[in-house]
Structure formats: structure tokens, C-alpha cells
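Colleague: Okay, here's what each chain looks like letter by letter:
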Amino acid sequence: MSWVQESAFLFSAPSLQRLPLATLASVALAGLSAQPALALETRSYVMSSFWHAGYNQDGDCPDGLNLPIKEQYEKILADFGYGKEEIAELIAGFVEGEEGGWDQDKVGQLMTMRGRVNGRPVSAYSHPAAVKDSELISYNGKFAYGFDLDGKGQNDKSFVDPETQQVGIDHQLARVWGCTEGMRDKVNQGSATWLFFWTAAKEVAPAWTITISGEDLSNDGPITIKFGRALEPTRYNGDGSPRSSMTFRADPDPRVNNNIYPGQIREGVISITKPGPYYNVQEPLLAPRFSFKNFNTRLKIMPDGTLEGIIGGYQPIEEIYWTCSSNNYNCEIFFFYDIPGHYHLLKKHADADPDPVTGQNWSISAVYSLKAVPAFVVEMPKTDNQRVSAR
Amino acid sequence: MAKFDRRTVLRGVMSGGAVTVGLPLLNCFLDNNGTALAATGESLPVCFGHYYQALGLNPGMWIPSKIGAGYENNIQLKVLDPFKERMNVFSGMRYFLDGRPHETHTSTVQICTTGAVFDGGPIGPSLDSKIADVIGKRSRFRSLEVTFHGSRGSRSRRSGSSVNPSEGSPAALYKRIFGPEFIDPNAADFTPDPFVLAQRSVLSAVTEQRQNLMRQVDATDRARLDEYFTSVREIEQQLELESQKPDPLPACSVPGAMEEATPGSVVEDIVVNGRLMARLLAHAMACGQTRVFNVDTGSGSWRHAGSAVAWHTATHEESIDKTLGYQKEVFAFLTVANQLFADFLHILDSVREGPGTLLDRSLVLWQTDHGDARIHSNEDIPVMTAGRAGGLIKTGMHLRAPGDPCCRVGLTVMQAFGVPLSTWGDRSNQTSKTITEIVA
Amino acid sequence: MKKKRSIQLMSKLAGGLIAIGAGALLVSSDGGAAASALEAVQYETAQQSGRASLRRLTPDQYRNVIDDIFGSSIELGGRFEPDQRVDNLNEIGASSVSVSSAGMAQYYSIARSVATHVVSEEHRNALIPCQPKSAMDADDACASQFLSKAGGMIFRRPLTAAEQRRYVEAARTASKTTKDFYTGLSLSLTAMLSSPQFLFRQVVLEPDPASPGNYRLDGYSKASRVSFLLWNSMPDPMLLAAAERGDLHTQKGLAREASRMLASPRLEDGVRAFFADMFQFDAMSSLSKDGKLYPKFNSMVVADAQEQTLKTLIDLLVRQREDYPKVFVVRKTYLTPALASVYDLPLINNVPNGSPDAWQPYEFPANDPRGGILTHLSFLALHSHPGRSSPTLRGKALREIMLCQKVPAPPGDVDFTLVNDDTAYKTARERLAAHSREPMCAGCHKITDPMGLALENFDGAGAYRTEENGKRIDTTGEFEGTRFNNGRELGQVFYDKPERATSCLVDRLTAYALGRTPVRGEATWLGQLKEGFASNGYKLPDLMRDIATSPELYRVSAPVVEASDLSAGSRTTR
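Protein chains in written order, with the numbering used here: chain A, 836 to 1226; chain B, 98 to 537; chain C, 1092 to 1665.
Chain A extracted, bound-state conformation (with noise of 0.2 Å):
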């Protein structure tokens, strides 16, 4: 590329003067048309982790956990009719092959087409409520990360935020993943499945990005919050740790990068004020759609200058099943819990979107844990004329 072709240098434009790191530059955000131009001050972060905020205990599950997914498989047999023989001999079958994938054994013909629909075997995965319900165990603890969604604080079914001790918790995803060993999480740092999940997406996936605005971002005050995707995936650094000051180009598609909230600071805790509708879309592993409503955040810029923290709101069920039923019997197997009896937890503990008819609702309060590092945005919009956001 020549230098004539780049006659305007993108970002040695004088109102996008780059201060040191310690100083935050104030530029305007592009893309935020409805706010003033000038006299912003714009922090840009990439995410670098996510998964479901979990906070699990020991002994929590007094009723034990849910059984690993091939004692789960011989019980499902054994409902079935198959004597214990012929189970045995099933489950002796079940072997991993060749390749890190599986063979269709026999076991996996039966599992897959464990659904019926007037009698005849229809795909568990397609069809999750032609299933019979297993009854998984669901979390009954205490306590679990998140809003109170419906502002109508505590109720029965309600929890309180290990970290705040706020009552009245709406975290509804948390009794369903709570008692299945793959999706437990003690700390907050991502369970084993949601591990394997964000593993394989964190660096092929178009990575989230998070912009925050206002008068000054080191004090408390209103802000704006924006939610958006990246063209790019995150990138990170030889040790793992995610690298910070990359440029990342804002998906034009209007669809993923409308998240934008009135928010504000205070003592350090970034919420949203109003919480509004969220859409956005992800690796297929994780949730080809994801989308909240009463969509809420609360997080905090660490002294090392990356965001930390919660966002939740109320998500349609039917994309949480879909994060893993999309892959069918493999999906079950690698993961190791029952994907058709998880569909009807998450039926029976979702507290949003009721069905005029029937009465069942269709959301689930869901809360999910997030990280994410200081990084320049750069709006794409219709023009050639690209801008950028400074931190």
C-alpha cells in the first residue's frame, strides 16, 4: 500500500489525539449519533471470558447430583424395558472410537431416538418435550450472582447474591445447572463445560464488545453502555492471558450492535438504569442467538484496567437448549448430562414470557459472568469514512 492511496491516516486525526494510557482520551464514539460529540469520555473493551455465573458450594445439592450421563443412559434403558444383561452389554458397547469422536453404537441409536411421539421414536434433540421427563435434581441453595429482574424483591424462589447479599436475586438458570457436575461452578471461574465451551469459541468466535461513555468515567456518574460484536475474534497472548489494545472493526450488522443503554457509575459499579431488550449472536457453540430482556450489568474497571462482572436479564429457554441440543447425541455424550431432561428443567423453573394459553413461560432469569480487556473500537459505518474509539 502506498502512501498516496492512504492520504488520510485514519487515526492521526487531530480529534483523536492519543494520550498516554493513564490519561483517557475524549473523543466521541461513533455509532452513538444521540450523544454530544464532544467532551466524552470512551473506554472500549473486548470480552476474554464468559460463561454462566455459577456459585455452588459444597453439599448444596442435598439430594446428590445428577447421575454422569451413562448411569443416566441405563436408567433411561432400563424404563425402557431392557433387562440388566442386556444393559450391561449395551453400556459395554459404549466406547469412545477413533478420532475424539464416537461411534454410532447401539446405545446411541436408542438415546437419540428416545423421543416418542404416538409411540414411535423421535429425535430426543428435535423434540426434547417427547421425552419423558428423567426429573433431574434441581439447586435449591441459597445463593446465586444477579439482578433483581422484577423489582419485586424477595419470594420463594428468589436468591441472594453471594457477593452483595442482595435478596430477591431473579437467577432462575441457576437451579438448573446447579446439581449437574459439568455445569457446577464454585467460584465464579467457569465450570468444566462452560470451560470446554468458551475454549473452543475464545479464539474463532467474533468477539463481544462492550464501549462505555460519559463526562468522566473515573467518577461516578450517568453513562451510556453499548453491547456490541466484533468482526474479529479476540486475540491472546502466548500465556493465555488476553491481549489488551487490539483494534477490533464493529459487525456492521445492525442486528448485534443496538445494545445500547442509559447507565451509570456508582462507586465504581457500572448498571444499566433503564434495562431494555439485547441481541446478539455468538459462536454455535455457545448460543447461535442470545438475547435478554430487562437486560442489566454490573461491573466494575479493576486497577489493572480491565472490566469484570455479571450481565443477566431474561432469556428465551429455547436458546439455552439450543447451545447444545444443535449437535444431538455427541453433544450429549461430550457433555455428559441429559440434554432432553435439562430442556424440561429449564421449562420448569423459566419465570418470564408466560404463554397466554397454557400459562408456561417461556424466559428464564439467567445471569453470566464475564471479563474482558481494554481494546480500540472501530465503527464501520455506511460510509468509507471509518472512525475510532480511543480509550
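Treat the hints as calculated values from the structure; they're not laboratory data.
The structure presented is a predicted model; accordingly, all values stated were derived computationally and were not measured.
Mixed in with the good hints, there may be bad ones.
So the derived label-pair ranges between C-beta atoms look like this [claimed, not checked]:
hint, chain 1, residue 1, chain 2, residue 2, range
1, A, F915, B, T432, 36 to 46 Å
2, A, K992, B, G422, 30 to 40 Å
3, C, E1213, A, M948, 36 to 46 Å
4, C, H1476, B, K175, 27 to 37 Å
5, C, E1558, A, N1054, 14 to 24 Å
6, C, A1515, A, K992, 53 to 63 Å
7, B, T520, A, Y917, 55 to 65 Å
8, C, H1476, B, E365, 45 to 55 Å
9, B, T432, A, D895, 49 to 59 Å
10, A, M948, B, V260, 25 to 35 Å
We treat Cβ as the ideally placed atom computed from N, Cα and C, and that holds for glycine.
Given the coordinates of chain A, work out where chains B and C should sit on it, guided by the hints.
Modeller: Structure of chains B and C alone, referenced to chain A:
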């Protein structure tokens, strides 16, 4: 003259520096080369083996705390202590996906064996095939592939569509090597390779100029040319050796007939099979039947008798033991696997050939797919080499190169075996940085 | 030690010398007679002109030469012997290194690889001008046709009749042995590519008719000298033709060829090679940083950092034809996303996802703390410790690399405790001040530290900072009477007072061109070059032209015979 900083030279952090070689007129280096050549035994050929063990090692339990020479093995690799001086342990390196899908167990195996990122298209030959192209052409089997779990699958491929299938049965491998077609190499006739003869004759076009050129230069340049011609002479000597009937293979013997072992993925059978395979490969190399081998331990599918929980399953499913701080079952599998690798090396090392052993003239490259199998990460990947390849490789070091592509090890090993390559690997895995610390 | 006796060559030898090899002589037109008359010669370095020695091809030169002869689709493979730095330049080291046995094994393997590719079915139709009568037998006519053409380029001069005969014969024998014409041909080519005439840049001397009593390089040696200087590669066919015609012995002919070569985009290869050598970028390959302190710093960042500076220099000095002192203040540069993250700068990677990171142009804003190559990672990180910055290393590098001054090495018994005490002394300036209370240390640190401290706003990996251990960093200082406040202003001082840096560039480039440190007798020439450089506004291509067209570049001292060698045959050094 360039300052020769001792600390720089001795520094263990693998930096690919050019500091340790390249002052050809210093006697110390010539001595080193001389020793290195002597160690090749001059008559016994070098061998290469790729040893693949899926699912990595236990994070935090394998990286030696000391970098450089004189490292101490961490808990999980203690079992390899007897070979410490003849091994290298590499840490900190990783596989790069560059936005390509993370097909766990597939993407990363492909990168460590072929350097290529998974994108659905055809991929090049695996590194063992490239090495076999250099050292395996004249032996009866260009390479031998085995698995410990009875499978015919293999990590070795000649090209994207052409996999070198493995032998999973020790009895079948025995028949293949020592069946009726086996000819005792010490009794066999020898026909020199015309290509080697031709090279010898052609090189004399260069060496004949020696007297003339030497007369024509001043003392300083004469010393340099003298050094050059001495180096050419060593190539001639190598060719001379190759064109003569090789020395008898002192350790060649035909093993007793092999009984059919139990194939499958039960750990107890794997251990038996693995040791049988090691013995057969050792005999095959000692008898010059092959110079390249591939082992796939099939570790992902290992399980205990009566248990349906395979090692791979356990990495996902098992929770971290509260008191131990790691996955207990996974650790138990790893303990067996590492012991089996140690057994494998012991068996190669038990083949004595004059002053050295078969292991001394071999290089076994140990690779894996993930850094932390529990989350299938592709960071901080363990890589090891065992054996000195007859002096081609320096050993006894723990080298750490955080964030560098694992392909650096593959590149270095291939170059050591004479594969003409200056770079290797795809996208961010591409590297031209030879690990000069281990190049003899 | 035996007494040396110098014998002037001229009195012994008639004209018509065609000398092959280093340092002098000697295949005369009548073959062995001259060679037997004079066994060996040696230069006296104190003479008017310096010694001309064999220079081993650098890895880049090898690659370029193969590209030039056979095209870039020929795979090289293999690993080259590392270069050796002497008097600040690898190009001088190239005049003293040989080929070790391990290195020869690699050269041989690369030669085999190249030759195999050249005769491969994929390439032979394009690269071999004839077809053998039988592919399974020798064919002298076809072999001769190919080998004389290829050999003329590989040796960078026409083959002698004897050489021609010998290589065709080699091909014949090999083709017959292997029953394959192309295999035989490729082996003969392998031998050529393994020969000293290829691996070393030959120098052939002849008496200089324009300067009786003095010697000059012959036409082909001149051609090589000018082309490796300007292009970092072998002479192209036009230059070889000019050498054959004798044009390079006339000032007009030489100037015409130099102009042609300077106008070529290949000049960028020459400039790149020179600066990579001058700025000691070979040390980049062994540069590593503490991963805990500088997690972003990996080998890819190192490679990019070096490339950033070279791209910047080529754009500024060759494409824009700006003056050399601007390198110390230039704000335009090129970055990759990985580099930008270390610089803490926004940079759009304007490529489809999944593509390797691409280079993008970038310009530091006028008030940015960065500007000029001294604030590039390639300088800041290269001249730092693995875990911290070093004003001393940076100051020393500034003095030695940029200004060609010599900083004495520290004494062996220095106590470094104070320099490493972060608790008592928060900043590097404080630590060094404490250290320099030792009078033994103060002398040298006075030379290095003031300039190095100007760059303390950049940590050991080159990232920007304003504080160290919580204390504000003071980057003020003085260079030869001019005050500066920070690293960028130090660059400005170098720009405003360009004499030392430009004089250094002339010295280095001249040494690079000669392959040795200039001798006393060349001082006048150097003075003229410096005057010319200043009067033409410090344009690098013009300086390269002046050097390339100087008769001094091709003049070498009269060979003298070392008596002790007269009776000696070849002598080993070990």
C-alpha cells in the same frame, strides 16, 4: 569481533538465537562437531520416531521449574528421570487457529504433525513422512506405524488423502517384519546406491580445485578455504560410507514368535501391547528394517476394564478433586501413559550397539493435542524429545518459548534430519526459527 | 616467527593476469606457470588501499541469487550458517568466516534441493534450454549448454574452459552412473552450488592501468561488488555484459550501470540488507523477553518490529527520497495488529477474517511521544534487558550504532547491586546515579546514560509509560550542549545537528561496501563522500551512487608475498 556473551549462550530461554554456532574457526566448535560426528557411530544410521499421546499432561505438574540445562522433572515426568540427560522438554508453546474452527483433537493434532491449520482442504505430509523421505528411502520399510489400542488409524500421512495405516496387532506386525520376506541384513548382499556413487564422483569436481585455489590465496583466506575443504571432505566421507557395505548391525536379532495380544482400549491390555510394539520396533530398527516409526497410543480411548469411562470422557466429566487439586482419574491415566512412554524408551535403550544404544542414535518426538485436556486448550502444550539422533540433537534441557508456535520443534527436528526446509507451519503456526539451542 | 619478506608482485608477473580467489591471484593465461612462481600473497593493511577478501554469501544473498538465476519458485529449504559480526557489521564478518562441517552439510543439502527442483519436470522446460537425446543417458552437448549458462551466473563470471570441461564431465559420469540425464545434470549443478566460487564472492585482481603500481578489481569482481552493494544480489545479465565489455573500468560505464541499478526497485533489497546489518537486526532472532512482565512480546512481535523499521526506512529514504536525518523524527510508519497492541495504538486490520495479519500504514500524531526510529520497538526492545529497560544499553547502542562512537566495555568486577535496587531507587535515573558514584563507573555512564535516559518513557519491551515504581520518569537531558525533554526531542536534536549521524552512516556504508573497515589511506575518500552527502541534502541513494562509482571502491592494495608461505603447501589451521 562480536562479543561472545557467555550468559547469552547459556541462557536456556529458547530464543532461536544464532549465538551458539557460527564461529567456525574457533577450535571449540570444531571439537564439538568432531564429537558429534563420532557419536553418530559413523556406521549406524539415525532413526526417528513420532510418539503421539492425546490429551496432554496435567497442567502445573509437568513443567520443570528450571529453564535450560540441568532441569529437574516435575511430578508427572519424574518417571522419565533415567533419560533426563538424553531428553529435552519444551514448554510454553502453542497451536494457532487464526480464526479457523477449533475442532478439538483434530485441529491441533493436524498442526503438530503437518503444521497445517484445519480448514477442510487437503493437508501436506506429516513431519515423519518428510523425515522418512530423507532417511527412510533405502530401508525395507520407509516407516512403520503402530497403535497401542488395536486401531488401524494413524497420525502419519503422505498427503491430505493418503494416511499411512497403522498396525494394531503385535502378531501381525511381527509377521510383517520378521516373516518369510525378512532377510538378515548382516548376511545380505550389498549393492551401493548409484545415486550415492554419482554424488561422490561429482563432488570431486569441487575438491580437485583445492590445490589450485589454496595456492592462490593469502594465509588468512587460505585458512578459511582449508576449513571449507575440510567440511566438503566430511561430506565425501559420509558418501563413501554410504557406498560401502555397512558395518554389521551388532544388535540385530530376530525376536521370538509373537503371540496374539488382546487388542482394545483397556489400559491393562494397552500396556502389554505397547511394550510388545516397542520391542518389535526396536528389533526392526536394530536390524535396519526401518528407520522411521510412528506410535499412536490411542490414549483418548483408554479405559479400565469394566469401566465405560474413557480417559477422554474423564477429562470432561471428572471434577477436580478437592484435596488433590486435580482430576484424580485423569491423573491415573496419565501416570500409566507416562510410565508406558518411559518403558518404551527403556526398551529402545536396552538395545546396546557398541558404546551406545539404539535410543542414542534415535530421536523420539513426543507430541500431544491439548495443553489442558479438561478444557481442550491449545496453550502451553507439552512437547518432548528423547534420544540424541546420533549426536544431531543436543539434550538435557528444558526450553521455554511462551507464545511461540509448537511448529518450532517440528521444524528443528526435521532440519536436524536433513529435511530441506527453512520454514514450516501454516498461518501463525509458521516459523523459521530453528531451536538452535538443541542443534548440535 | 619467521621473518616476512615482501615481494612486489609487479616485478614478477607479466600482464594478462586473471586471478581467481581471495587476496590475489593467480590463474594466468598460461595456466600453472604463474601459480607455481608465486605461491601466496598477502596485503599489508597499512598500505594505501585495503585488502580484498573472499566474502561468504549471507543467507539473504544466497536466496536472492537463486531467485535471480532460477526464479523464486525454487525451494531453498535448509538452515544457513549464522553470520558473524565484526567491527559492527556482518558484511565485514563475511570476509572472515569460513564454512563449518555442519554448515557445509546444510549448504550441500540446500544445493541438492535447488538442483533437484531445477531439473524437476515442473521446471526443466523453462530452465534447461535443450532436451537430451535420451533421458536415460548422458548428453554432453545439452549438459554443456545448460551448465555454461547456469555456471556463468552461479560463478558470476564466465566459466573457464577447464571449469566448463570439468562440470560437463561430472554431469556425464553422474548421468551414466544413475542412468538418468537429469539426475546427472542436477548433481553437477549441486557441485557448482557447493563450490567455493559460488559460496564466496570472489575477488580477482589486476594491475590498475590508471594508477601504476596499484591494483584494481577485474570487471566481474567489480560487477559483483556493485550489485551486492545496491541490490544485495548477483549482477544481472546487463551488468555482466558491461563487465565483459570492460565498461566498468571507465567512469562513464560504471556511472551508467550504477544509475540503472539505482533506478530499479531492487535498490530496496540493497537498502534493507544494509540497515538490517547496521542496526544489528540479526540479534532480533535471539531476542526474548520475560513472558510474565511482557506477555504480548513473542517471536512474532519481534519479527514484525524489525520489519516495521525496515519498511519505514525504505519508504522514507528510497521511495520518498527524504534526507537521512529524518529517520530520527519520521512519524509515518507501518504496523501490524500485533505491533499496534504493544504500541497501544488503534489499527484496523483491513483484511478478511482468518487472514494473516497485514501491514497497515500508520502515522504517529505530531504530539505523540513516539516519532523517529529511536522510538521504534526494534530499537527500544532490542537494547533492553529481558525484564527491564536499560538506559545504558540504549545509550551505548545510540553511540555505537547511530553515531559510530566507541563505548568502552565495563570493567569485569563491577558491583551491580545498586542498579538493581528498585526499593531504594524508584527510577532508572536514580539507580544509575547511585551506581555512578563509583568513579570507576562514572566515566562510561556519562557517555551512555544521558541519551539512554531520554528513552525511559519506554519500558523493556518498548511500551509507553510515564512512571516507574510509582514515580514520575524524568526524561530530560542534553546532547552536545542542546537540551531535550524526552526521546522524541532527542531524535529532533539528531535531526537538527545531523553531522555525527550522517558521518557515521557514510563510514558504515563504506565499510559495508568494502567488506572491511576502511584503512587510513582511504580517509580522504571518506571525507569527500561526507562532503558530497551533505551537499546533496543527505540523500541515501545519492550516497550509494557516490560509493558505487568511486574508483576507491575497486582499488585494492598491491599484493605482497609472504616469504614464509613460499615453500609451504596448504596449511591447516587446526
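Colleague: With reference to the structure, classify each hint as holding or not holding.
Modeller: Hint by hint, here is what the structure shows:
1. A/F915 x B/T432: 36 to 46 Å: Since the Cβ atoms of A/F915 and B/T432 sit about 39 Å apart, the hinted range of 36 to 46 Å holds.
2. A/K992 x B/G422: 30 to 40 Å: With a Cβ separation near 35 Å, A/K992 and B/G422 satisfy 30 to 40 Å, so the hint holds.
3. C/E1213 x A/M948: 36 to 46 Å: violated, 54 Å
4. C/H1476 x B/K175: 27 to 37 Å: holds, 34 Å
5. C/E1558 x A/N1054: 14 to 24 Å: holds, 21 Å
6. C/A1515 x A/K992: 53 to 63 Å: With Cβ atoms ~60 Å apart, the hint holds.
7. B/T520 x A/Y917: 55 to 65 Å: holds, 57 Å
8. C/H1476 x B/E365: 45 to 55 Å: Between C/H1476 and B/E365, where Cβ atoms are some 53 Å apart, the hint holds.
9. B/T432 x A/D895: 49 to 59 Å: violated, 32 Å
10. A/M948 x B/V260: 25 to 35 Å: Holds: the Cβ-Cβ distance is about 33 Å, inside 25 to 35 Å.
Taken one by one, the earlier hints fail for this structure at numbers 3, 9, listed in ascending order.
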